[in-house]
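**Q** So the sequences go chain by chain: W and G.
For reference, each letter of the first sequence is one residue, going 3 to 117 in our numbering.
For reference, each letter of the second sequence is one residue, going 688 to 803 in our numbering.
Don't read these hints as lab results, they were simulated from the structure.
Treat the hints loosely; a few may be bogus.
Simulated crosslink set (SDA-like; lysine to any residue; CA at most 25 Å straight-line) [as the list claims (entries may be wrong)]:
| id | chain 1 | residue 1 | chain 2 | residue 2 |
| --- | --- | --- | --- | --- |
| 1 | W | Lys104 | G | Thr736 |
| 2 | W | Lys60 | W | Gly10 |
| 3 | W | Lys104 | G | Gln747 |
| 4 | G | Lys728 | W | Gln44 |
| 5 | W | Lys104 | G | Gln729 |
| 6 | W | Lys51 | G | Gln716 |
| 7 | W | Lys104 | G | Ser741 |
| 8 | G | Lys728 | W | Ser11 |
| 9 | G | Lys707 | G | Gly748 |
| 10 | G | Lys707 | G | Thr736 |
| 11 | W | Lys104 | W | Ala3 |
| 12 | W | Lys104 | G | Thr767 |
| 13 | W | Lys51 | G | Ser730 |
| 14 | W | Lys104 | G | Lys707 |
| 15 | W | Lys104 | G | Leu733 |
| 16 | G | Lys728 | W | Leu48 |
| 17 | W | Lys70 | G | Ser730 |
| 18 | W | Lys104 | G | Lys753 |
| 19 | G | Lys728 | W | Ser5 |
| 20 | G | Lys753 | G | Glu739 |
| 21 | G | Lys707 | G | Gln729 |
| 22 | W | Lys104 | W | Thr74 |
| 23 | W | Lys51 | G | Leu713 |
| 24 | W | Lys70 | W | Thr109 |
| 25 | W | Lys104 | W | Glu90 |
| 26 | W | Lys70 | W | Ser28 |
| 27 | G | Lys728 | G | Tyr745 |
| 28 | W | Lys70 | W | Arg112 |
| 29 | W | Lys104 | G | Asp752 |
| 30 | W | Lys51 | G | Phe715 |
| 31 | W | Lys104 | G | Phe715 |
| 32 | W | Lys104 | G | Arg711 |
| 33 | W | Lys60 | W | Val39 |
| 34 | W | Lys51 | W | Leu20 |
| 35 | W | Lys104 | G | Ser760 |
| 36 | W | Lys51 | G | Thr718 |
| 37 | W | Lys104 | W | Tyr41 |
DEER-style ranges, computed between Cβ atoms [as the list claims (entries may be wrong)]:
| id | chain 1 | residue 1 | chain 2 | residue 2 | range |
| --- | --- | --- | --- | --- | --- |
| 38 | W | Ser86 | G | Phe726 | 21 to 27 Å |
| 39 | G | Arg697 | W | Glu66 | 31 to 37 Å |
| 40 | G | Gln747 | W | Tyr41 | 26 to 32 Å |
Note that the coordinates shown come from a computational prediction; the quantities given were computed from them, not determined experimentally.
Note that the Cβ used here is the ideal one computed from N, Cα and C, for glycine as well.
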Amino acid sequence: AQSVTQLGSHVSVSEGALVLLRCNYSSSVPPYLFWYVQYPNQGLQLLLKYTTGATLVKGINGFEAEFKKSETSFHLTKPSAHMSDAAEYFCAVRGVTGTASKLTFGTGTRLQVTL
Amino acid sequence: GAVVSQHPSRVICKSGTSVKIECRSLDFQATTMFWYRQFPKQSLMLMATSNEGSKATYEQGVEKDKFLINHASLTLSTLTVTSAHPEDSSFYICSASLGRGYNEQFFGPGTRLTVL
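With the rest of the complex left out, here is chain W (with noise of 0.2 Å):
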């Protein structure tokens, strides 16, 4: 089985400050992972990816996460928030093998952006 917990429902950030939102997972076999965002009552769009190789990703708009097998974390990062970075922000795992193909959503990390 796999799952996901983001911690902080709820973050908020000044105009320019770093931008962390955390991720854990838990996978059975070597996961892949996932940050998405989603802006009101829109659906979801890829931030970046890990599946294998480098282990600190880089995304769009600025976002890169570290795969830490160790810490078994995938938190989303980006140095100077935007007001346009307001949105709420999933993590999500999936399986590699056999019927382990779903994605896992975590329960998302609303990011606010204050001037």
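Assemble chain G onto chain W, guided by the hints.
**A** Just chain G now, with coordinates in the frame of chain W:
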């Protein structure tokens, strides 16, 4: 590329009626499509997985007779909410994948269903 559309984007219906939601992959062939349900301020819950030409696989606790899924072609899947009730009001999101072995799902914009 990899665009997924949903229609309608918003629907309001009376209790007891059925509602059909379409999910289309516009520029690729989607062997596998997924249907999710999202309650306000909550995460996405997978309802079912459908593969083109075969019956959908429903997640535990999802009523297959209530939520009918048809994946008749490689670009179209439909979700029909039968005899809708107010508790079925939710945001329904579909996603499409090239199939087993492909790790990425492409998400539609969602459909807001309100049952009066």
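**Q** Give a verdict on every hint.
**A** Consistency of the hints with the structure:
At most 25 Å may separate the alpha-carbon atoms for a hinted pair to count; W:Lys104 and G:Thr736 meet this at roughly 9 Å. Annotation: proposed proximity of W:Lys60 to W:Gly10 holds, straight-line Cα distance about 22 Å (limit 25 Å). For the hint pairing W:Lys104 with G:Gln747, the CA-to-CA distance comes to about 14 Å; that is within 25 Å, so the pair holds. At roughly 13 Å between alpha-carbon atoms, G:Lys728 and W:Gln44 fall within 25 Å of each other, so this suggested pair holds.
For the given pair, W:Lys104 sits about 18 Å from G:Gln729 by alpha-carbon distance, which is consistent with the 25 Å threshold. Proposed proximity of W:Lys51 and G:Gln716 is supported: the alpha carbons are some 22 Å apart, at most 25 Å. For a cut-off of 25 Å, the pair hint linking W:Lys104 to G:Ser741 stands: about 17 Å separates their Cα positions. For the hint pairing G:Lys728 with W:Ser11, the CA-to-CA distance comes to about 10 Å; that is within 25 Å, so the pair holds.
Distance restraint check for G:Lys707 and G:Gly748: the Cα-Cα separation of roughly 21 Å lies within the 25 Å cut-off, and the hinted pair is therefore satisfied. For the hint pairing G:Lys707 with G:Thr736, the CA-to-CA distance comes to about 17 Å; that is within 25 Å, so the pair holds. With a CA separation close to 11 Å, the supplied pair W:Lys104 and W:Ala3 stays within the 25 Å bound. Only pairs whose Cα atoms come within 25 Å are accepted, and W:Lys104 paired with G:Thr767 is accepted, the gap being roughly 22 Å.
With a CA separation close to 18 Å, the supplied pair W:Lys51 and G:Ser730 stays within the 25 Å bound. Distance restraint check for W:Lys104 and G:Lys707: the Cα-Cα separation of roughly 24 Å lies within the 25 Å cut-off, and the hinted pair is therefore satisfied. In summary, the hint linking W:Lys104 to G:Leu733 is supported, as the alpha carbons are separated by about 8 Å, within the 25 Å threshold. Using a Cα cut-off of 25 Å, the hinted pair G:Lys728 and W:Leu48 holds, with the two alpha carbons roughly 19 Å apart.
At roughly 24 Å between alpha-carbon atoms, W:Lys70 and G:Ser730 fall within 25 Å of each other, so this suggested pair holds. Using a Cα cut-off of 25 Å, the hinted pair W:Lys104 and G:Lys753 holds, with the two alpha carbons roughly 22 Å apart. With a C-alpha separation of about 19 Å, the suggested pairing of G:Lys728 with W:Ser5 holds against the 25 Å cut-off. Taking the CA atoms of G:Lys753 and G:Glu739, the gap is about 20 Å. The hint holds against a cut of 25 Å.
A C-alpha spacing of about 23 Å is found between G:Lys707 and G:Gln729, which places the hinted pair at or below 25 Å, so the restraint holds. Restraint check: the Cα-Cα separation between W:Lys104 and W:Thr74 comes to about 19 Å, which is no more than 25 Å; the hinted pair holds. In summary, the hint linking W:Lys51 to G:Leu713 is supported, as the alpha carbons are separated by about 23 Å, within the 25 Å threshold. With a C-alpha separation of about 20 Å, the suggested pairing of W:Lys70 with W:Thr109 holds against the 25 Å cut-off.
Our distance criterion of 25 Å between C-alpha atoms is met by W:Lys104 and W:Glu90, whose separation comes to about 21 Å. Annotation: proposed proximity of W:Lys70 to W:Ser28 holds, straight-line Cα distance about 12 Å (limit 25 Å). Using a Cα cut-off of 25 Å, the hinted pair G:Lys728 and G:Tyr745 holds, with the two alpha carbons roughly 23 Å apart. Restraint check: the Cα-Cα separation between W:Lys70 and W:Arg112 comes to about 23 Å, which is no more than 25 Å; the hinted pair holds.
Proposed proximity of W:Lys104 and G:Asp752 is supported: the alpha carbons are some 22 Å apart, at most 25 Å. A hinted pair counts as satisfied when its Cα atoms are at most 25 Å apart, and W:Lys51 with G:Phe715 qualifies at roughly 20 Å. Between W:Lys104 and G:Phe715 the CA atoms are separated by roughly 20 Å; this keeps the pair inside 25 Å, and the hint holds. The suggested pairing of W:Lys104 with G:Arg711 holds, with an alpha-carbon distance near 20 Å, which does not exceed 25 Å.
The suggested pairing of W:Lys60 with W:Val39 holds, with an alpha-carbon distance near 15 Å, which does not exceed 25 Å. A C-alpha spacing of about 20 Å is found between W:Lys51 and W:Leu20, which places the hinted pair at or below 25 Å, so the restraint holds. A distance of roughly 21 Å separates the Cα atoms of W:Lys104 and G:Ser760; the hinted pair therefore holds under the 25 Å criterion. Distance restraint check for W:Lys51 and G:Thr718: the Cα-Cα separation of roughly 21 Å lies within the 25 Å cut-off, and the hinted pair is therefore satisfied.
Taken as a hint, the W:Lys104 and W:Tyr41 pair is honoured in the structure, with Cα atoms around 23 Å apart against an allowance of 25 Å. Look at W:Ser86 against G:Phe726: about 26 Å separates their beta carbons, and that is inside 21 to 27 Å. Separated by about 35 Å at the C-beta atoms, G:Arg697 and W:Glu66 satisfy the suggested range of 31 to 37 Å. A C-beta distance of roughly 30 Å is found between G:Gln747 and W:Tyr41, which places it inside the suggested range of 26 to 32 Å.
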